[in-house]
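Novice: In case you want the letters, here they are:
Number of protein chains: 2
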Amino acid sequence: MDIREALYTTRAMRRVKPDPVPDDIQARILDAAVRAPSGGNAQGWRFMLVDDKDQIAKIAALYEECIAMLWDTVYKDQVAHANTSDDPDAKQFKSIMNSVTWAQENFATYPLLLFAFDQFDTTGGSIFPAVWSAMLQARADGIGSSLTSVLMFKNEETLDVLGVPTEEGWRMSCCVPFGYPTGKWGVAKRRPAHEVSYRNTWGTPVGFEINEPLWP
Amino acid sequence: MDIREALYTTRAMRRVKPDPVPDDIQARILDAAVRAPSGGNAQGWRFMLVDDKDQIAKIAALYEECIAMLWDTVYKDQVAHANTSDDPDAKQFKSIMNSVTWAQENFATYPLLLFAFDQFDTTGGSIFPAVWSAMLQARADGIGSSLTSVLMFKNEETLDVLGVPTEEGWRMSCCVPFGYPTGKWGVAKRRPAHEVSYRNTWGTPVGFEINEPLWP
Chain A
1 MDIREALYTT RAMRRVKPDP VPDDIQARIL DAAVRAPSGG NAQGWRFMLV
51 DDKDQIAKIA ALYEECIAML WDTVYKDQVA HANTSDDPDA KQFKSIMNSV
101 TWAQENFATY PLLLFAFDQF DTTGGSIFPA VWSAMLQARA DGIGSSLTSV
151 LMFKNEETLD VLGVPTEEGW RMSCCVPFGY PTGKWGVAKR RPAHEVSYRN
201 TWGTPVGFEI NEPLWP
Chain B
217 MDIREALYTT RAMRRVKPDP VPDDIQARIL DAAVRAPSGG NAQGWRFMLV
267 DDKDQIAKIA ALYEECIAML WDTVYKDQVA HANTSDDPDA KQFKSIMNSV
317 TWAQENFATY PLLLFAFDQF DTTGGSIFPA VWSAMLQARA DGIGSSLTSV
367 LMFKNEETLD VLGVPTEEGW RMSCCVPFGY PTGKWGVAKR RPAHEVSYRN
417 TWGTPVGFEI NEPLWP
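First to last, the sequence lines map onto chains A and B. Residues in the first sequence are numbered from 1 upward in steps of one, following our numbering. Residues in the second sequence are numbered from 217 upward in steps of one, following our numbering.
No wet-lab data here; the hints were simulated from the structure. Don't be surprised by glycine CBs; every beta carbon is placed ideally from N, CA and C. Wrong hints could be hidden among the right ones.
To be verified - On the chain B side, residues computed to face chain A include the following (Cβ under 10 Å): (1) F344; (2) L352; (3) V422.
Claimed, not checked - Computed list of chain A residues with no C-beta within reach of chain B, every gap over 10 Å: (4) R28; (5) A57; (6) D72; (7) K91; (8) W185.
Bound conformation, chain A alone (with noise of 0.2 Å):
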């Protein structure tokens, strides 16, 4: 696959079917995860790949709590507002609303789960990039995901399930759930890139706009 159509088509894929991960694909996607790069090349990080359905159902009963909260906190505005409103942004909020229910309603079915977890990493520039490369290999090979960190609502039950030492200083980054998507592949609508871009100093404009994404 084509470096572009994966980056513009690795899109949030939560609605996935139940069927198994290849371990070829598990393999290649923790491969490419360990080539990105991390400050100082200390490649701080762990990878714990989750395919224990009892394992995965205790995640799930954390997810399903945590995504209520989310809805309560984080979000309680736009909730609200795509509740009462029918405008483009509440639009946009309400399928985000349901693609995530349907992830609090389905999580115990995710086949695979991925944790990364950092060390003494305080900005998250030397596990994401790991974490987004093992995403784009997992596109590359068919297999959607979508990146959550909504489980640090419940962070010490998850690690507790997990086994995680966090007296050696370990923390949970995030949860990426994997599988064979139902829906299609696409690229997202997103903001245009020069309309959050500027040129030299905050404020200035780019240089050049794009309205159209450039692939395909």
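Starting from the structure of chain A, add chain B where the hints point.
Specialist: Just chain B now, with coordinates in the frame of chain A:
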């Protein structure tokens, strides 16, 4: 370019030529960045391309001080070890030190910097996928890059040079210099995936060994 070639060969390229990065490549870099996922698709990001020589010179002066601080703090033990030992860790660290020292001495010659900013992203999970996409897209166009968060040591001064409205919650995530590499692309050495990966619980072997990179 194949996605796997990009994932395996986009290593830190600090030594790059002063030749400018063409506009069409700059546009592709930013357009690829905004395709990345972010929590709740919030896209709480801003990107800044810096190619003005005076601005780059100001950042170069700050970078020089930050690197000196880095050796003196975070990497103090590793610097001492590298200077007194010849074991593989010491050799690898010396090689990184040489590369970073090159950047320190030549920062002002970089033709293009990309700064990424985030707002309310506590983990980095909503900005570093975008930054890594930018670096992978650049790789596909033959442009090298390296990710650094070291300017955090002079955070206030850097944000001041760039005119960032911190009162709105914007924070610098990282700086990525871009340019045509002077050296060769290659697969970076990493600790094998199975040595940093577990299955289902911490410490349980992942179930396969990957003793050679799975690409090419």
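Novice: Against which earlier hints does the structure fall short, listed by number upward?
Specialist: Hint 4 alone not satisfied by this model.
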